[in-house]
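Could you fit the two chains together into a complex? Lean on the hints.
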Amino acid sequence: MSNTPNFREALLAAVPVLRAFALSLSKNADRADDLVQETLVKAWDKQSSFQPGTNLKAWLFTILRNEFYSQMRKRKREVEDTDGSITASLSIHPSQDGSSDLNDFRKALARLPEDQREAIILIGANGFSYEEAAEICGCAVGTIKSRVSRARTRLQEILSIEGEGEFGPDPIAAQVTSAAGVA
Amino acid sequence: MKYQSFEKGRKAGGADEGSDPLGPNSEIGRKLKQYYDDLVSEDIPDRFASLLSQLEQKEQPQNTEKE
Chain A
1 MSNTPNFREA LLAAVPVLRA FALSLSKNAD RADDLVQETL VKAWDKQSSF
51 QPGTNLKAWL FTILRNEFYS QMRKRKREVE DTDGSITASL SIHPSQDGSS
101 DLNDFRKALA RLPEDQREAI ILIGANGFSY EEAAEICGCA VGTIKSRVSR
151 ARTRLQEILS IEGEGEFGPD PIAAQVTSAA GVA
Chain Y
184 MKYQSFEKGR KAGGADEGSD PLGPNSEIGR KLKQYYDDLV SEDIPDRFAS
234 LLSQLEQKEQ PQNTEKE
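Chains as they are written, first to last, in this note's numbering: chain A, 1 to 183; chain Y, 184 to 250.
The following block holds chain Y by itself, in its conformation from the complex (with noise of 0.2 Å):
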């Protein structure tokens, strides 16, 4: 199984691409995204990937009931 790509966009919904009011013709639109694209390259805290691999250690022990 493998999960969707983050990168399914309203293309794949087929509308009128060439009149979208928020595409690449769109000033708003364009800033709207690099907006977004700034936030997206931030640097990621660590603390995310700790509590994953926390979450799945968690889950670990309990087929086992010990310690």
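Same shape as in the complex, but just chain A (with noise of 0.2 Å):
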């Protein structure tokens, strides 16, 4: 019972992360916020499963992951939606709006794959462990790997494609993009 008030708080503690990781998944703010309500609520009510001084966020992570998932079955159509949507959904914060740059590297970002955006953000953007990584996603070690190695591949073709004008006409490298870009 002494326990409760550490759990809340730690939970509330929790809620940042849990929205960010939200928004990388879903890409959408509002669905983002309800898988954050619905990983609280279960969280709450799995408490007991939970062992205190192990990994918290992890727990939590997981919880809500599985949410995106069972959700995502659910909705499969609206999940389809590629392009217009997430871009516009993904621009509406307004503390984004300064840098192109970053708005280059979010469009990026929402064009992998989803088990490639999952590795990335678990590994790059959170600083797990590829191990706790692969427990998240019930997966192996070398899958996260090999996952995260593709997504920084993927948005360095990405990001370079996109950003070639910044850089100034570069003939080799004008060869080399488009060359990919056919490819």
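These are calculated hints, taken from the structure and not from any lab test.
Don't be surprised by glycine CBs; every beta carbon is placed ideally from N, CA and C.
Hints may be right or wrong, so weigh each one.
Covered stretches of chain Y (in silico footprint by chain A; criterion: 3 or more residues with CB under 8 Å from a CB of chain A, positions within the stretch not fixed) [what the hints assert, rightly or not]:
no., stretch
1, 212–224
2, 229–243
Listed below are the simulated SDA-like cross-link pairs for lysine to any residue, each with C-alpha atoms no more than 20 Å apart in a straight line [unchecked claim]:
no., chain 1, residue 1, chain 2, residue 2
3, A, Lys-42, Y, Gln-243
4, A, Lys-74, A, Asp-115
5, Y, Lys-216, A, Arg-154
6, A, Lys-145, A, Met-72
7, Y, Lys-216, A, Lys-42
8, A, Lys-145, Y, Asp-203
9, A, Lys-107, A, Arg-31
10, A, Lys-107, Y, Gly-212
11, Y, Lys-216, A, Pro-16
12, A, Lys-107, A, Thr-62
13, A, Lys-42, A, Met-72
14, A, Lys-107, A, Ser-149
15, Y, Lys-216, A, Ala-58
16, A, Lys-145, Y, Glu-210
Computed spacing ranges between beta-carbons, pair by pair [claimed, not checked]:
no., chain 1, residue 1, chain 2, residue 2, range
17, Y, Asp-220, A, Glu-157, 18 to 28 Å
18, Y, Pro-204, A, Asn-103, 22 to 32 Å
19, Y, Pro-204, A, Pro-52, 26 to 36 Å
20, A, Pro-52, Y, Ser-233, 19 to 29 Å
21, A, Glu-157, Y, Gln-237, 45 to 55 Å
Here is the structure:
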């Protein structure tokens, strides 16, 4: 019983990262908030299964991720919307106006397949170990490693192609990127 | 009991930091963190704090079976 206030505070403290993860997965602010809400309710109900001292963040991310994929299965059609609404919903945050660089990155990230985006977010943005990320995703460590590596390569491709103009004409780079575009 | 810090990262894992493909020396790594920090620092809607208070309150009447 005396544990309850701590648990509530710990969950509250986790909301910003949960929300960031939910936004990265769902790419839609409303749906992300629903995901976080559902995660908090589930976490609360399951709190006896959480062992204090273990990684609360990883535990919560696992719940959120499971919730995301089960919701996604329910609403398959909506998720297949690949460009327009994603970009629209991703650009609504006022803090994001300034940097077009960051906007380019956001769009590039949105173009990654779900499993790759999730892997690179867990490892690169949240600082989970490959082992932790594998546990959260319920897959092998090697799978996470290869997803991260593919995500990174893909982001580099997308960003260098789209950022070409900023660096001025570079015949060699142009040749390489246009060749890559055709392939 | 205290909950493990949220800041625990790959460094704790001890693997090859120098060649970390998403570390501070990687452009993708830096952009990824910038993107994510932006999201993390957004204002949090009040609904989450109220939700957690509600969940906590709901639990208390369980001991005493009266309204």
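These are the hints, each one checked on the structure:
1. Only residues whose C-beta sits within less than 8 Å of a C-beta in chain A count toward coverage, and the stretch 212–224 of chain Y has 11 of them, enough to reach three; the restraint holds.
2. Interface restraint, the stretch 229–243 of chain Y with chain A: holds (9 residues with C-beta to C-beta distance below 8 Å; minimum three).
3. With a C-alpha separation of about 18 Å, the suggested pairing of Lys-42 (chain A) with Gln-243 (chain Y) holds against the 20 Å cut-off.
4. Pair hint Lys-74 (chain A) plus Asp-115 (chain A) holds up; C-alpha atoms about 18 Å apart against a cutoff of 20 Å.
5. Only pairs whose Cα atoms come within 20 Å are accepted, and Lys-216 (chain Y) paired with Arg-154 (chain A) is accepted, the gap being roughly 17 Å.
6. The suggested pairing of Lys-145 (chain A) with Met-72 (chain A) is violated, with an alpha-carbon distance near 24 Å, which exceeds 20 Å.
7. For the hint pairing Lys-216 (chain Y) with Lys-42 (chain A), the CA-to-CA distance comes to about 28 Å; that exceeds 20 Å, so the pair is violated.
8. The hinted pair formed by Lys-145 (chain A) and Asp-203 (chain Y) meets the criterion: a straight-line CA distance of about 12 Å does not exceed 20 Å.
9. Under the criterion of a C-alpha separation no larger than 20 Å, the hint pairing Lys-107 (chain A) with Arg-31 (chain A) is consistent with the structure, at around 18 Å.
10. Pair hint Lys-107 (chain A) plus Gly-212 (chain Y) holds up; C-alpha atoms about 16 Å apart against a cutoff of 20 Å.
11. Proposed proximity of Lys-216 (chain Y) and Pro-16 (chain A) is supported: the alpha carbons are some 14 Å apart, at most 20 Å.
12. In summary, the hint linking Lys-107 (chain A) to Thr-62 (chain A) is not supported, as the alpha carbons are separated by about 25 Å, beyond the 20 Å threshold.
13. Between Lys-42 (chain A) and Met-72 (chain A) the alpha-carbon distance is near 17 Å, which keeps this suggested pair within the 20 Å criterion.
14. The straight-line distance between the Cα atoms of Lys-107 (chain A) and Ser-149 (chain A) is roughly 19 Å, inside the 20 Å bound, and the hint therefore holds.
15. Under the criterion of a C-alpha separation no larger than 20 Å, the hint pairing Lys-216 (chain Y) with Ala-58 (chain A) is consistent with the structure, at around 18 Å.
16. A distance of roughly 18 Å separates the Cα atoms of Lys-145 (chain A) and Glu-210 (chain Y); the hinted pair therefore holds under the 20 Å criterion.
17. About 24 Å separates the C-beta atoms of Asp-220 (chain Y) and Glu-157 (chain A), a value consistent with the hinted range of 18 to 28 Å.
18. Between Pro-204 (chain Y) and Asn-103 (chain A) the beta carbon distance is about 24 Å. The supplied range of 22 to 32 Å therefore holds.
19. About 34 Å separates the C-beta atoms of Pro-204 (chain Y) and Pro-52 (chain A), a value consistent with the hinted range of 26 to 36 Å.
20. At about 25 Å, the beta-carbon gap between Pro-52 (chain A) and Ser-233 (chain Y) stays in the expected band of 19 to 29 Å.
21. Between Glu-157 (chain A) and Gln-237 (chain Y) the C-beta distance comes to about 47 Å, which sits within the given range of 45 to 55 Å.
In the structure shown, a violation is registered for the earlier hints numbered 6, 7, 12, in ascending order.
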